[in-house]
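Here is how the chains run, residue by residue.
Number of protein chains: 2
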Amino acid sequence: MTAFNRSSLEELLKKRFFYAPSFQVYGGVAGFYDYGPPGCALQSNIIDLWRKHFVLEEEMLEMDGAIITLADVLKTSGHVDKFTDWMVKDVKTGDIFRADHLVENVIETRLDGDKQARLTTENDATSQKDKKKKKGTIQAVKLEDATKAEYEEILAKIDNYTGTELGEIIRNHKIKSPETGNDLTEPVEFNLMFESSIGPTGHLKGYLRPETAQGQFLNFKKFLEFNNDKMPFASASIGRSFRNEISPRSGLLRVREFTMAEIEHYVDPNNKKHVRFDEIKDVKLSLLPRYIQSEGKTVPVELAIGEAVEKKIVDNETLGYFLTRTHLFLTMLGIKPDRLRFRQHMPNEMAHYACDCWDAEIQSSYGWIECVGCADRSAYDLTVHTNRTKEKLIVRESLAEPLVYDKTVLEINKKIFGPKLRQNAKIVEEYLTNLNEEQLEALKKELEDGNGKTMVSCADGNQYEISSDFLTIQKQTITEHVREYIPNVIEPSFGIGRILYSLIEHVYWTREGDEQRAVLSFPPRVAPFKCLLVPLSNNPAFSKLIRDLSSKLRKLHISIKVDDSSNSIGRRYSRNDELGTPFAITIDFQSVIDGTVTLRERDSTKQIREKIDTILQVLKDLVDEDVTWEEVLSKYPTFVQQELD
Amino acid sequence: MTAFNRSSLEELLKKRFFYAPSFQVYGGVAGFYDYGPPGCALQSNIIDLWRKHFVLEEEMLEMDGAIITLADVLKTSGHVDKFTDWMVKDVKTGDIFRADHLVENVIETRLDGDKQARLTTENDATSQKDKKKKKGTIQAVKLEDATKAEYEEILAKIDNYTGTELGEIIRNHKIKSPETGNDLTEPVEFNLMFESSIGPTGHLKGYLRPETAQGQFLNFKKFLEFNNDKMPFASASIGRSFRNEISPRSGLLRVREFTMAEIEHYVDPNNKKHVRFDEIKDVKLSLLPRYIQSEGKTVPVELAIGEAVEKKIVDNETLGYFLTRTHLFLTMLGIKPDRLRFRQHMPNEMAHYACDCWDAEIQSSYGWIECVGCADRSAYDLTVHTNRTKEKLIVRESLAEPLVYDKTVLEINKKIFGPKLRQNAKIVEEYLTNLNEEQLEALKKELEDGNGKTMVSCADGNQYEISSDFLTIQKQTITEHVREYIPNVIEPSFGIGRILYSLIEHVYWTREGDEQRAVLSFPPRVAPFKCLLVPLSNNPAFSKLIRDLSSKLRKLHISIKVDDSSNSIGRRYSRNDELGTPFAITIDFQSVIDGTVTLRERDSTKQIREKIDTILQVLKDLVDEDVTWEEVLSKYPTFVQQELD
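Protein chains in written order, with the numbering used here: chain C, 11 to 655; chain L, 11 to 655.
Careful: at least some of the hints might be erroneous.
Identical copies go unnamed one by one, so any copy, or any two together, can satisfy a pair.
[What the hints assert, rightly or not] Below, a list of computed lysine-lysine pairs in the PhoX-like style, where the Cα atoms sit at most 20 Å apart:
id, residue 1, residue 2
1, LYS62, LYS630
2, LYS167, LYS92
3, LYS565, LYS294
4, LYS400, LYS158
5, LYS240, LYS25
6, LYS621, LYS425
7, LYS24, LYS231
8, LYS402, LYS24
9, LYS630, LYS565
10, LYS400, LYS321
11, LYS565, LYS402
12, LYS167, LYS322
13, LYS167, LYS321
14, LYS125, LYS158
15, LYS85, LYS562
16, LYS186, LYS430
17, LYS215, LYS430
18, LYS25, LYS231
19, LYS436, LYS463
20, LYS25, LYS402
21, LYS62, LYS562
The hints are simulated quantities; they were obtained by calculation from the structure and are not laboratory data.
Here chain C stands alone, though its shape is the one from the complex (with noise of 0.2 Å):
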């Protein structure tokens, strides 16, 4: 097999209409693409496959909400506040980079040119091979072994630094806009949230959602209800999600619009087991835990998950269920074990909600790509909700045998402390109330020290004096029959553009000998097309075969696409090898004859040729995915004749 080309794969794409840049005749706009049929077909596949996978198979609860936020959701959520990047201005052009990634970059590529630099007046045979392997220009400067080391602690922590942090690096390192060499300005945060305003006043603000995952647990209670009140349960939502990047590239892997499939998977904090661990505890992942990375390595462990819970590498039993099912989904759909791994992110780079999160890496040519999020938002999103809203997210659960404990606790006197407080009782009140077990003690003993008197202060700024007169703090033991607990929430999210293109390079091939001849080798369940139906000409003596045949494979819910063009047969075929159509039925003179149509498998090319309903029933079995093309090979003659090309 030739090396793999991305710029010929880019042409195929381009050519077949799999996608295409949005308003593409108004010159486009970065970080927006249309699918064409293939791509359409292909991603409603990855779809619907991931609906069956997940959805169906766990009973999940889908919703489908929408997609204009209310700004009060998104401020609550934190996103309003921190759902930013920073950037930076050419100070003359005005043009804007994402600093991060412009830092990054510079480093990098400096980095290069220090390893180059190093190569040349240590082997020069070495040095010609690895120039080779880069684009563009890399200046081949040696740097100070102090800078080398600098540089190479900035590109791992480049993920962590506050804007004015990278406004030092940028300075003291002496990056400048790449392509005028100005001068940069200070960081700024940018907010990656495309901003609306809803109806006609101009002041009700809306987002377009970052996440499908905030309308899923503004309707916790609902779900809950509809779940008959058993926990634990998942949603989960399919839909379109935005941020508005401040420069995309990377074709489909960056994008301001795209679709995700999220799932919400509500637990009992103290109980993260997972009723279906067993059916799946022996699948082995290729995991690249904290430990692994925390060394500077990148080779991943080969484990089975069962094992990579019992040793706590991964946390809990549902976290690992989810990591299993995400490994299954997405070989299922063609993605190659060997070009994927989990990797859990280090502390410092979790989200701001996250306690614990892996992501499904998938390798592309633009390297391991993160692809499907796996998190453990802990109660975080129910917890700000609920305090801003005031509508419990919570869990209510009978006790089967009733929780009794000691508690501090405090017994407020109102006939005393309403006239006594007045106008701040409220304030002074709220204060109280909102104190822990351990804050009570201590107030407690302020008031012992201080003879029955002490000041506290309060949220509006004011310090106001309680006395024991009118306050008890006591231990009291409490009796409990419903426990309230807030569900921790594990997310499996995934991208699902990002995961259909890595797709698409795992599939992608050309055939032994002729780089032209592109192969797509979708699974036929993912294809875009499963079968081609070809007259060998055409003579109007096949347009009724054609029609009928037709017709019977969209009973059997088989999308076709017939290609009754004058082009070869050959040519013909290899079109739909690109659009990674799996099988072909040709109609020739034969066929008009006796009835017998030729079935081509796309991998393979060969072909057998049998009675048409025999045909359509293998097929159908085929496109299933209940058989294989080698068993179908194995029961009939394999049909010989020479491709025409």
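Following the hints, complete the assembly by docking chain L onto the known chain C.
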């Protein structure tokens, strides 16, 4: 059957989480809804059937495009200037109203009051009955006959007033702010598109698309190429669109964010025949053409579509084909044929681009509501985008026989033309080459009359002298081997949410004698969940059977809902009648002993009892609608057992 009660239905839809206002815990925002599990599954099934019925059946070229659309695109399409409603404000409170809706409501109320006043004098009994039908308080005030006639005329024309005209009506007829009685401002235009800004500069404007159509038009060239340059063909797209309604009400029928499914079928303007018209020509449709409406009548005519096209009631075969396919699709979903009609737009109510338009209107408690629009958009969109971008969105057709005809053409003698006109040569040439045949003939005459000299007014506003020594205008014989044309577009456009809500009303009923026992009789293929799985009780003996059966049903891709709650069987059946689940498998002690289970059908509540494998096969056939329940009952004995409540 009891009379339809919308609030009971709404209660059910809320309780079973078919849908709910988005961000409800934050108070909600009008016009945004989230679909819960049954609503979401229902929507998926409708979309899935739409894709099979239209896209797969006709090998349409489906695409999935960007929602955020470059402002330029929508400027060209006319949406930036014309996609607006008129709004008025309460001068004191600032409350905003959509002007035409407000006028319509007030005038309707006054006419109702007049009707009551007249009836009260004429016939007391009828008046009482009529009063009950109306919500709210209507004052019985008799109007002058002239005023009444004027009001009726306003209602008939309500969709076509300009802002100034609406302002006059509001002033002349003393229409005030409904709650406060305050004066209203002059109507101002409000664009219905949500606006946003793309990228970090703030200079690149985008809108959320108001329809998927424009994205399809922009890709016309790529589609045509994908289709091997063959005409006619259709593209299709399913996705979210947005309209920033001024004050949306009417539940799912008027929302700010909605899912559409649109087809753009491209035809040769000289040939709007459809190759499959014969297959559907005998299907009868309920048609409300212009000629009936212009007589002030609303009783549709039942006609076979073949006859309707023959009589030119429906303009052409392609339009007729899609009306019929739409009828077949909607009735397959469960829309009642007697509550479905196709209404032709009056010439003055069509969108700015349309040259003919029929709406599929479905009757619900909100009246007859447009759920599908079927417009002939002529060559409008492809023409305006071609003119704006200079990318020719056209068809080039090789002619079997060359076309030979005479044409008046212009030839410029550049050798003289350039030197004479100097820096003005370009603008004059542009003016001349844009003249059509008629204009050229006129210019020729002017030159002859002016002794070979005349003045022309060019695009820069200046006049330039031209003379016959540097241009020739004469008839030439033209021979064309290729015909170039801009296709016409027939566009069936489906509002999925409106269809979904109307369908729910059509399949909703309550069991005889018990208004509390509501049923949603979705056809099996449409139903959110296909089968309920209920163990008689939560006895552990049943759990293995439930698990095995669940797994088998999932393998058959039958979506299930297990209800092992402690509610009675009757209660659990009722709950699923409300979800519209057509079948239920019940596991009891007998099942554990002999491996038989019962299968219950929702509408009849009848059951059969057979071995599990038999039941699974029967269920699969029922869900695929390959057999009816009646056929099943004629084959298997009815199992009689009291339903336990």
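Do the hints match the structure? See the list:
1. Proximity of LYS62 to LYS630 under the C-alpha cut-off of 20 Å is found in both arrangements, the shortest distances being 19 Å within a copy and 16 Å between copies.
2. Proximity of LYS167 to LYS92 under the C-alpha cut-off of 20 Å is restricted to the intra-copy arrangement: shortest distance 18 Å within a copy versus 51 Å between copies.
3. Taking CA atoms no more than 20 Å apart as the test, LYS565 paired with LYS294 passes in neither setting, with 40 Å inside one copy and 24 Å between copies.
4. With identical chains, the CA atoms of LYS400 and LYS158 are never at most 20 Å apart, being 53 Å at best within one copy and 52 Å at best between copies.
5. Within a single copy, LYS240 and LYS25 get their C-alpha atoms only as close as 51 Å, which misses the 20 Å cut-off; across copies the closest is 17 Å, which meets it.
6. Proximity of LYS621 and LYS425 under a CA criterion of 20 Å is satisfied in neither setting, with 94 Å inside one chain copy and 72 Å between copies.
7. When the C-alpha separation of LYS24 and LYS231 is checked against a cutoff of 20 Å, the pair qualifies only between copies, where the shortest distance is 13 Å, while the shortest distance within a copy is 46 Å.
8. Only between protomers do LYS402 and LYS24 lie at most 20 Å apart by alpha-carbon distance; the minimum there is 19 Å, versus 50 Å within a single protomer.
9. In this homomeric assembly, LYS630 and LYS565 come within 20 Å of each other (Cα to Cα) both inside a single copy, at 11 Å, and across copies, at 16 Å.
10. Taking the closest pair of Cα atoms, LYS400 and LYS321 never come within 20 Å of each other, the shortest separation being 40 Å inside a single copy and 64 Å across copies.
11. Within a single copy, LYS565 and LYS402 get their C-alpha atoms no closer than 50 Å, and across copies no closer than 38 Å, so neither meets the 20 Å cut-off.
12. Proximity of LYS167 to LYS322 under the C-alpha cut-off of 20 Å is found in neither arrangement, the shortest distances being 26 Å within a copy and 72 Å between copies.
13. With identical chains, the CA atoms of LYS167 and LYS321 are never at most 20 Å apart, being 28 Å at best within one copy and 75 Å at best between copies.
14. In this assembly of identical chains, the alpha carbons of LYS125 and LYS158 lie at most 20 Å apart only when taken from the same copy (10 Å versus 90 Å across copies).
15. Taking the shortest alpha-carbon separations for LYS85 and LYS562, neither the intra-copy value of 54 Å nor the inter-copy value of 45 Å comes in at or below 20 Å.
16. Within a single copy, LYS186 and LYS430 get their C-alpha atoms no closer than 65 Å, and across copies no closer than 52 Å, so neither meets the 20 Å cut-off.
17. With identical chains, the CA atoms of LYS215 and LYS430 are never at most 20 Å apart, being 43 Å at best within one copy and 59 Å at best between copies.
18. With identical chains, the CA atoms of LYS25 and LYS231 are at most 20 Å apart between copies only, with a shortest distance of 12 Å across copies and 48 Å within one.
19. In this homomeric assembly, LYS436 and LYS463 come within 20 Å of each other (Cα to Cα) only inside a single copy, at 19 Å, whereas the closest approach across copies is 94 Å.
20. In this assembly of identical chains, LYS25 and LYS402 lie within 20 Å of each other by CA distance solely across copies; the values are 18 Å between and 53 Å within a copy.
21. For the homomeric pair LYS62 and LYS562, the shortest alpha-carbon distance between copies (13 Å) is at most 20 Å, but the shortest distance inside one copy (25 Å) is not.
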